[in-house]
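Asks: Spelled out, the chains give:
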Amino acid sequence: MVQSLDYLKETPSQTAGPYVHIGLAPGAAGFDIYRQELGHDIAGPNASGTRINISGTVTDGFGAPVKDVLIEVWQANAQGIYAGDGAVEEGFRGWGRVVPDFETGLFSFDTVKPGIVMGREGRPMAPHLNLWLIARGINIGLNTRMYFPDEVEANAVDPVLGLIEQPVRRETLIATADDAGYRFDIRLQGDRETVFLDV
Amino acid sequence: MTPDYKTSVSRSPNYPLLSLQSSDSEITGPTFGHGDIDPIDNDLLRNYAKTGDPIGERIIVHGRVLDENDRPVRNTLVEVWHANAGGRYRHKKDTYLAPIDPNFGGCGRTLTDDEGYYIFRTVKPGAYPWRNWVNNWRPAHIHFSVFGTAFAQRLITQMYFEGDPLIPHCPILKAIPDARAIERLIAPLDLNATIPLDSIAYKFDIVLRGQCSTFFENRPEGN
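Those sequence lines, one after another, are chains W and A.
For what it's worth, my numbering labels the leading residue of the first sequence as 1, then goes sequentially.
For what it's worth, my numbering labels the leading residue of the second sequence as 1001, then goes sequentially.
Just so you know, the hints here were simulated from the structure itself, not pulled from any lab data.
Fair warning: this is a prediction, and the values are worked out from it, not measured in the lab.
Here a beta-carbon is modelled for each residue, glycine too, at the ideal position from N, C-alpha and C.
Some hints could be false.
Claimed, not checked - Covered stretches of chain A (in silico footprint by chain W; criterion: 3 or more residues with CB under 8 Å from a CB of chain W, positions within the stretch not fixed):
# : segment
1 : 1017 to 1027
2 : 1030 to 1041
3 : 1061 to 1069
4 : 1105 to 1116
5 : 1179 to 1189
Said to hold, decoys possible - Straight-line distance between alpha carbons at most 35 Å, and here's what the computed DSBU-like set of lysine-lysine pairs gives:
#  : chain 1 : residue 1 : chain 2 : residue 2
6  : A       : Lys1092   : A       : Lys1050
7  : A       : Lys1124   : W       : Lys9
8  : A       : Lys1050   : W       : Lys9
9  : A       : Lys1203   : W       : Lys67
10 : A       : Lys1006   : A       : Lys1092
11 : A       : Lys1203   : W       : Lys9
12 : A       : Lys1174   : A       : Lys1203
13 : A       : Lys1124   : W       : Lys67
14 : A       : Lys1006   : W       : Lys67
15 : A       : Lys1092   : W       : Lys67
16 : A       : Lys1050   : W       : Lys67
17 : A       : Lys1174   : W       : Lys67
18 : W       : Lys9      : A       : Lys1006
19 : A       : Lys1093   : W       : Lys67
As the list claims (entries may be wrong) - Here are some, though not all, of the chain A residues that point toward chain W, as calculated from beta-carbon distances under 8 Å:
#  : residue
20 : Thr1002
21 : Thr1007
22 : Ser1008
23 : Ser1012
24 : Pro1013
25 : Lys1050
26 : Thr1051
27 : Glu1079
28 : Tyr1089
29 : Arg1090
30 : Leu1166
31 : Ile1172
32 : Ala1175
33 : Arg1209
34 : Gly1210
Isolated chain A, as found in the complex:
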């Protein structure tokens, strides 16, 4: 429970979580293949374009999905969603007065490659207001959903952009008590990966829980 993020007050369990040792139920998870998605799905500039390109700052968001042991998480599904350049979501429940962009859907998905690498092309989302305190604004952010290889690795998080002055004011970010952990959600500008005269790039690496093969219990050789 993080009371400054008001919705958490009535949606957080009162009792502690029950800790489990992992069983097959937790160490397995769904897998996805290239038959499940289309190559254009990671290009948000084109995957909902009807009459032209979406309006906004053209960006590339790329990085690697790793586990805590620094090993790439291969062939895992990465899904993203975010608001348009004006901070408006294409969602029937979003009533913010900034307009919908007719050429922008706002979601994408891709599979990591053998190095755990992923890439998206999109427009940079705008900040938007939300009803928490009367004057709360979310920093620009991209929602990420990552699977990993085990259902216990399932992660949903948000990526923020280096230098955004709204970051220190956000109650949702401050739900994370450790300032260094917050930094791990802020993607740096990556000039090396920009495409000159085309798109700016940000790099966002994602770390999922580590996976070791079981020591001693059923495999005497360990890893």
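Bound conformation, chain W alone:
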């Protein structure tokens, strides 16, 4: 017998189920309980940088919108600093919760465009949003990133995009510009499946 390594084991994940909104976005579930729901404001009014809107849908293996998804966003401020990791503007949280329209599955949220974040070994990471998706049918939350189409140079040297062996798959992480700002569609499965990350 060798010695055992007595680490505790991570609590297993389970799906958030169809009624995740009750706990995390009760307003969307149709009732009002808390003084304030968390996650509505990613970047407060004091946040510097360019105000942007991001919209899109999450679709399943049939291309049908996943209307009961809940997305959490985690991002740096315009200077590339994460809240809690340095000085950020008062009211800049960098975190938010996004619930799509239950009828169409279209999500939309406002924030500021994040700056370049310093990555490992001093390699800069192109501006990006970290996204975490939970829903009925998803046993463990899916992590991905959204990059910007107008950051061609930074994207070209981004260490995470560079890890994706097939260049065609890198494109699944890059939003497209639209009238309101940026469009980012997430495909869980199948044709042009979005790259998901084991972080």
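Fit chain A to the given chain W structure using the hints.
Replies: Frame of chain W, contents of chain A only:
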């Protein structure tokens, strides 16, 4: 993909996840303070009470949030939601024929203390049917959402109750291949923490991914 849980079939990626070494993007995460929530938010017997107490078995659910190195995760946000005593959710999409309880909302939240400890008071949720196979029933469960200190620790899970005979039949639980891992989601009855003549208690400890300071890479002294 876990085909017995049918919804997972079209909602699971076909390709493997891309493994990353952690960067600042993953090791940071949002923080919450007592200004974000109210003291009553962890008392589901009262936080939606309109005309009286909710109907059901009064329970306390408590425990600690730890990391894999057995260190408490302090001041982290724990959110819960669950059905009422009849298995009905207060959600506009839930059409189960069991009635809504006018005095029960079904969600709560709290911050762990310096020992990583949290506590909720609520009613024990009922089992409910769902459209998977034609006769599937979810065991009584409470959904948990926990943040930890890094976005990479973000966890959503479900807590079950010791002795529930529906547990071995549930396709969502059986999405976990390891029987010992399933056991870690089952909260034991905790007689020591019951309040006599008031509430039964269950204890549910939650373990998040460990966090070590980086060895060698940028801090020669390691931890």
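Asks: None of the hints should be skipped; say for each whether it holds.
Replies: Hint-by-hint comparison with the structure:
Given as covered by chain W, the segment 1017 to 1027 of chain A passes the check, having 10 residues with a CB less than 8 Å from a CB of that chain where 3 are the minimum. Evaluation of the coverage hint for the segment 1030 to 1041 of chain A: fulfilled, as 7 residues show C-beta separations to chain W shorter than 8 Å, against a requirement of three. Evaluation of the coverage hint for the segment 1061 to 1069 of chain A: fulfilled, as 4 residues show C-beta separations to chain W shorter than 8 Å, against a requirement of three. Note: the segment 1105 to 1116 of chain A has 4 residues with beta-carbon separation from chain W under 8 Å; the three-residue rule is met and the coverage holds.
Given a C-beta distance limit of less than 8 Å, the hint that chain W covers the segment 1179 to 1189 of chain A holds, as 4 residues qualify and 3 suffice. About 19 Å separates the Cα atoms of Lys1092/A and Lys1050/A, which keeps this hinted pair within 35 Å; it holds. Proposed proximity of Lys1124/A and Lys9/W is supported: the alpha carbons are some 27 Å apart, at most 35 Å. Only pairs whose Cα atoms come within 35 Å are accepted, and Lys1050/A paired with Lys9/W is rejected, the gap being roughly 41 Å.
Restraint check for Lys1203/A and Lys67/W: the C-alpha separation of about 34 Å stays at or below 35 Å, so the hint holds. Annotation: proposed proximity of Lys1006/A to Lys1092/A holds, straight-line Cα distance about 22 Å (limit 35 Å). A hinted pair counts as satisfied when its Cα atoms are at most 35 Å apart, and Lys1203/A with Lys9/W qualifies at roughly 17 Å. For a cut-off of 35 Å, the pair hint linking Lys1174/A to Lys1203/A stands: about 22 Å separates their Cα positions.
Under the criterion of a C-alpha separation no larger than 35 Å, the hint pairing Lys1124/A with Lys67/W is consistent with the structure, at around 29 Å. Between the alpha carbons of Lys1006/A and Lys67/W the distance comes to roughly 17 Å, so the proposed pair stays at or under 35 Å and holds. With a C-alpha separation of about 14 Å, the suggested pairing of Lys1092/A with Lys67/W holds against the 35 Å cut-off. Taken as a hint, the Lys1050/A and Lys67/W pair is honoured in the structure, with Cα atoms around 31 Å apart against an allowance of 35 Å.
Of the supplied pair hints, the one linking Lys1174/A and Lys67/W holds, its CA atoms being roughly 25 Å apart against a limit of 35 Å. Note on Lys9/W and Lys1006/A: the hinted pairing holds, with a Cα-Cα distance of about 27 Å set against a maximum of 35 Å. About 11 Å separates the Cα atoms of Lys1093/A and Lys67/W, which keeps this hinted pair within 35 Å; it holds. Checking Thr1002/A against chain W by beta carbon gives a least distance of about 6 Å; that is within 8 Å, so the hint holds.
Below 8 Å, beta-carbon pairs count as interface contacts, and Thr1007/A has one with chain W at about 3 Å; its hint therefore holds. The restraint placing Ser1008/A at the interface with chain W holds, with a minimum CB-CB distance near 5 Å, inside the 8 Å limit. The beta carbon of Ser1012/A is positioned within 8 Å of a beta carbon in chain W (closest approach about 6 Å), and the interface hint is therefore held. The beta carbon of Pro1013/A is positioned within 8 Å of a beta carbon in chain W (closest approach about 5 Å), and the interface hint is therefore held.
Annotation: Lys1050/A was flagged as interfacial toward chain W, and the flag is violated, the nearest CB pair being 11 Å apart, outside 8 Å. At about 16 Å, the closest approach between the beta carbon of Thr1051/A and any beta carbon in chain W exceeds 8 Å, and the interface hint on this residue is violated. Below 8 Å, beta-carbon pairs count as interface contacts, and Glu1079/A has one with chain W at about 5 Å; its hint therefore holds. Hint on Tyr1089/A holds. Least Cβ distance to chain W is approximately 5 Å, under the 8 Å limit.
At about 6 Å, the closest approach between the beta carbon of Arg1090/A and any beta carbon in chain W falls short of 8 Å, and the interface hint on this residue holds. A least Cβ separation of about 15 Å between Leu1166/A and chain W goes past the 8 Å threshold, and the interface hint is therefore violated. Given hint, Ile1172/A at the interface with chain W, holds; its Cβ is 6 Å from that chain's nearest Cβ, closer than 8 Å. The closest approach between the C-beta of Ala1175/A and any C-beta of chain W is roughly 5 Å, which is under the 8 Å cut-off, so the hint is satisfied.
Given hint, Arg1209/A at the interface with chain W, holds; its Cβ is 6 Å from that chain's nearest Cβ, closer than 8 Å. Taken as an interface hint, Gly1210/A checks out: its beta carbon lies about 7 Å from the nearest beta carbon of chain W, inside 8 Å.
Hints 8, 25, 26 and 30 from the list above are not met by this structure, while the remaining hints are.
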